[in-house]
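J.: Listed below are the residues making up each chain.
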Amino acid sequence: MKPPPIGALALGAIPFAAMCFSVALWDRIEPMILGLPFNLFWLILWIVLTSCCMWGAYRLDSAARGAASRQP
Amino acid sequence: MTAAATAVAVIAGIVAIGTTIGLLAGSRRQMDLEQWTVGGRGFGTPLVFLLMAGEVYTTFTFLGVSGWAYSRGGPVLYALAYLTLAYVASFFFLPQLWEFGRRHGLQTQADFFRTVYRSRCLAGFVCVVGILAFVPYIQLQLSGMGIIVSVASFGHIGRVTAMTIATALVVAFVVANGVRAVAWVSVVKDLLMLVAAITIGVGIPLAYFGGIGAMFAALARARPGHLVMPGATTDLGHAWYVSTVLLTAFGFYMWPHTFGATFTARSADTLRRNAVLMPLYSLTIALMFFAGFAAVLILPHLHDGDLALLIVARRTFAPWFLGVIGGAGALTAMVPASILLLTAATLFAKNLYRPMISPAMSDAAVARLARVMVVVLAAISLGLAIRGASTLVSLLLIGYAMVAQCLPGVVLGLYWRRVTATGVFVGMVVGVLTAVLLMAAHLDPIAGVNAGFLALCINLIVSIAVSLVTRASAAAVLPSPI
Chain A
1 MKPPPIGALA LGAIPFAAMC FSVALWDRIE PMILGLPFNL FWLILWIVLT SCCMWGAYRL
61 DSAARGAASR QP
Chain B
1001 MTAAATAVAV IAGIVAIGTT IGLLAGSRRQ MDLEQWTVGG RGFGTPLVFL LMAGEVYTTF
1061 TFLGVSGWAY SRGGPVLYAL AYLTLAYVAS FFFLPQLWEF GRRHGLQTQA DFFRTVYRSR
1121 CLAGFVCVVG ILAFVPYIQL QLSGMGIIVS VASFGHIGRV TAMTIATALV VAFVVANGVR
1181 AVAWVSVVKD LLMLVAAITI GVGIPLAYFG GIGAMFAALA RARPGHLVMP GATTDLGHAW
1241 YVSTVLLTAF GFYMWPHTFG ATFTARSADT LRRNAVLMPL YSLTIALMFF AGFAAVLILP
1301 HLHDGDLALL IVARRTFAPW FLGVIGGAGA LTAMVPASIL LLTAATLFAK NLYRPMISPA
1361 MSDAAVARLA RVMVVVLAAI SLGLAIRGAS TLVSLLLIGY AMVAQCLPGV VLGLYWRRVT
1421 ATGVFVGMVV GVLTAVLLMA AHLDPIAGVN AGFLALCINL IVSIAVSLVT RASAAAVLPS
1481 PI
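For the protein sequence lines, the chains are A and B, in the order given.
The first sequence begins at 1 in our numbering and counts up one residue at a time.
The second sequence begins at 1001 in our numbering and counts up one residue at a time.
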């Protein structure tokens, strides 16, 4: 099976950067947004954004596999 | 009717409905080994979604997460991040795994290792690690069930009685019907869980503080350090967060039951679509955070944080609704418990006992032995749950530290030609021993970093290094390029 295209991998790396590695940047209470402490808000926001990223990855991956099957 | 009797009646009703659905689910089909373990490979997207979701939302999410929000504070945020990131990671290797499973007729994780590495010893070792890690995980579910039912019944049903009855019910429907039974009960369980979670997560802050925002503002004023890391602890800081998120995100699909569930998907594309949608489902965990954080100010001096959510709910809601929560909680424990028992028993019978001890065993005999092992493992876990007392989250993290050690073997096996059975075996042994020794010596976290994660890194390095110096003739069977 063809490995996923590099664009899909990049989209997959973004949530890791935003939700895991960058923790020191967003682990605080202020500013409170929608009544939530900032760190909790950030993670909730990124859960939604991750679905968007993965949808993008899915589209790229489908296109790449479609193109591969059309080759002679 | 007294409050306790109402609550108990509702719980019993919900459990009865759930169990009946489980018993009826597969009753028309003949159950052979293939049917029993992977449902004949016919599951489509909605059913796989529910099966995966049913496995994810467990006593850990319900009680453990709210318990840690209460007792640890900020560090509990790892639970929100790791689940989403596990799904992201899955996009990049589950489809390949599925494809390989389809081509070789695989049912379990041990099958994968035996097929890729052509080593029965390695497959056997993977089984042992998996089964050992399952025991505390099952114990966690049973303990949780005991807590839920005893608090919801105002102490009238003792923990031991609740756990014993629930264990018996779980064994009954697993033995009768296998994976398909569990999927349908998950539907009931997930609906109830959502109702319970929304009501608790929104209702409790509303009742005591006037809203979620007001609750957080009050908590930030009263206990400003609680909502960030390291929260109420001294050693769970940012390094712990990063290492624990990585350990659990990558370890998530290494649990044999989650690994095995992959093979039930209808197509590789189903798995990709799940990876896109499942993160959204994990948002419901935030509701458990709200309840746990609210409890910090409502019930300040609780010794066992795992009880926080239930005791606050008992104070806040009518007894019948407490029964709904308790019923949801009981199913939330019973469904994963049955999957865990099913997987562990099959691993033992098919991948450990038959290959190592009795190679001429028929499939029917293996299925019979698996049914017996379900009872044995349930009894062992019940015994430990009755005797023991660790926090639910700690039990789960111990399990993760062990199963995550299978990851290098899976990923290297799928993508790297030079990996060898010896390399993976040595790496895994080193990883498991490191994790177990560090945890036993109370060195978790070590230098601020999660011990299981450190062990995993060492495992990966050793696996690669030993593979490079071992004979190429022992190299893996890789999926052939298309």
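Just so you know, the hints here were simulated from the structure itself, not pulled from any lab data.
From the three backbone atoms N, C-alpha and C, an ideal C-beta is built for every residue, glycine too.
Take these hints with a grain of salt, some might be off.
Chain A is faced by these chain B residues, among others (derived, beta-carbon under 7 Å) [claimed, not checked]:
#	residue
1	1081
2	1225
3	1227
4	1242
5	1284
6	1429
7	1439
8	1443
9	1446
J.: Compare the structure with each hint and give your call.
T.: Results for each hint:
no., hint, in the structure
1, 1081, "4 Å, holds"
2, 1225, "10 Å, violated"
3, 1227, "5 Å, holds"
4, 1242, "6 Å, holds"
5, 1284, "10 Å, violated"
6, 1429, "28 Å, violated"
7, 1439, "22 Å, violated"
8, 1443, "22 Å, violated"
9, 1446, "19 Å, violated"
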